[in-house]
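J.: Going down the list, the protein sequences come from chains H and Z.
Number 90 in the numbering used here belongs to position 88 of the first sequence; there are no gaps in the numbering.
Number 154 in the numbering used here belongs to position 142 of the second sequence; there are no gaps in the numbering.
One thing to keep in mind: the hints can contain errors.
Here are the computed lysine-lysine pairs in the DSS-like style, where the Cα-Cα straight-line distance is at most 25 Å [what the hints assert, rightly or not]:
no., chain 1, residue 1, chain 2, residue 2
1, H, Lys-59, Z, Lys-119
2, Z, Lys-72, H, Lys-59
3, Z, Lys-119, Z, Lys-72
Since the hints were made in silico from the structure, they are not lab data.
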Amino acid sequence: MKRILIVDDAATVRMYHRSILEEAGYEVDEAINGIEALEKALNATYDLYLVDVNMPKLDGYSFVRELRGHAMIPQAPAVMISTEAKTSDQTKAFEAGANLYIIKPTRPDLLVAHVRLLLGDTST
Amino acid sequence: MAFIKKSTDAASTGADRVAERDFAGLIAQLDDADPATRRWAARDLLVFPAATAALVARLKREDDRSVREFILTSLTRLGDEIAVAGLVEWLRSEDAVMRNEAIEAMKALPDEVAPIMGGLLSDPDPDVRIMAVNVLESLRHPHVEDWLIDVIDNDSVINVCGTAVDLLGEVGSPAARASLLRLRERFPAEPYIRFATDLALKRIGEA
Numbered sequence: 003m004k005r006i007l008i009v010d011d012a013a014t015v016r017m018y019h020r021s022i023l024e025e026a027g028y029e030v031d032e033a034i035n036g037i038e039a040l041e042k043a044l045n046a047t048y049d050l051y052l053v054d055v056n057m058p059k060l061d062g063y064s065f066v067r068e069l070r071g072h073a074m075i076p077q078a079p080a081v082m083i084s085t086e087a088k089t090s091d092q093t094k095a096f097e098a099g100a101n102l103y104i105i106k107p108t109r110p111d112l113l114v115a116h117v118r119l120l121l122g123d124t125s126t
Numbered sequence: 013m014a015f016i017k018k019s020t021d022a023a024s025t026g027a028d029r030v031a032e033r034d035f036a037g038l039i040a041q042l043d044d045a046d047p048a049t050r051r052w053a054a055r056d057l058l059v060f061p062a063a064t065a066a067l068v069a070r071l072k073r074e075d076d077r078s079v080r081e082f083i084l085t086s087l088t089r090l091g092d093e094i095a096v097a098g099l100v101e102w103l104r105s106e107d108a109v110m111r112n113e114a115i116e117a118m119k120a121l122p123d124e125v126a127p128i129m130g131g132l133l134s135d136p137d138p139d140v141r142i143m144a145v146n147v148l149e150s151l152r153h154p155h156v157e158d159w160l161i162d163v164i165d166n167d168s169v170i171n172v173c174g175t176a177v178d179l180l181g182e183v184g185s186p187a188a189r190a191s192l193l194r195l196r197e198r199f200p201a202e203p204y205i206r207f208a209t210d211l212a213l214k215r216i217g218e219a
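Take the sequences, apply the hints, and build the full model.
T.: Now the structure itself:
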């Protein structure tokens, strides 16, 4: 089963995304900020990251940048997800190394479609 | 030979702090080329209420993160109107790192932030309103629930309401029930709002 790490400081948002992704057949883990996410990524392998932008300790842009520059962490697609809809925010996400930028609130069908596409899960 | 860990504090209490620690001397050191000197100047200025304007001005052009943290800490402790205004300006930054630095600093300033919270929660920029709700997360203030209820009753932007609902699920009481139900009716086609309001109602025992 493919594993997804949800990185978001909002408990409700983590639970919402977890419920959508688990229902779609994925194993889900959670981190409350970029620091915890980096620690988890160093100790486990994930197939995809779902990353909020604004978080204490280490924000989403900085987390993805660290992730992309870390030789010890196997690389996987990163979806950045934010309430901020400005083009500059999307540009910053892609410059940091994100593969996709989604604006909150997410709709379950669209989120699952994006995740499946990035994971190459055409049969599920 | 024993391993001796070089401490930043130990190193900085030497040459970095030899210069005059009076107000004028510390203000001048805020522009020093050495980040360690700027850091200690920012820290030592927290006993001078008149330093807030200089600290805010330095914050705007400071590119060293550790110095910014010391400036924000001093502004937090000084906490006058100029300090709070500087923190709010930081909150509006396009830079996620700076925004989060401001949020963390403002969370520690309940009495100083409270008078401006109404203005922040009605700011024309929805991103600023979301940041303001994020500040409320750890703001130990008796009006937090009232502010959140006001947001979900009146804000037209779904993500501002969504952020407020998330927090209401943690700090809300039965007083939030009617507003949570009204919010769900305002956004009937939004799965996240349904999920979040259901969860908040369950947590406050009003499902």
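J.: Give a verdict on every hint.
T.: Now the hints, each set against the structure:
no. : hint                 : in the structure
1   : Lys-59/H / Lys-119/Z : holds (14 Å)
2   : Lys-72/Z / Lys-59/H  : holds (21 Å)
3   : Lys-119/Z / Lys-72/Z : holds (20 Å)
Comparing the model with each earlier hint shows no violations; every hint is respected.
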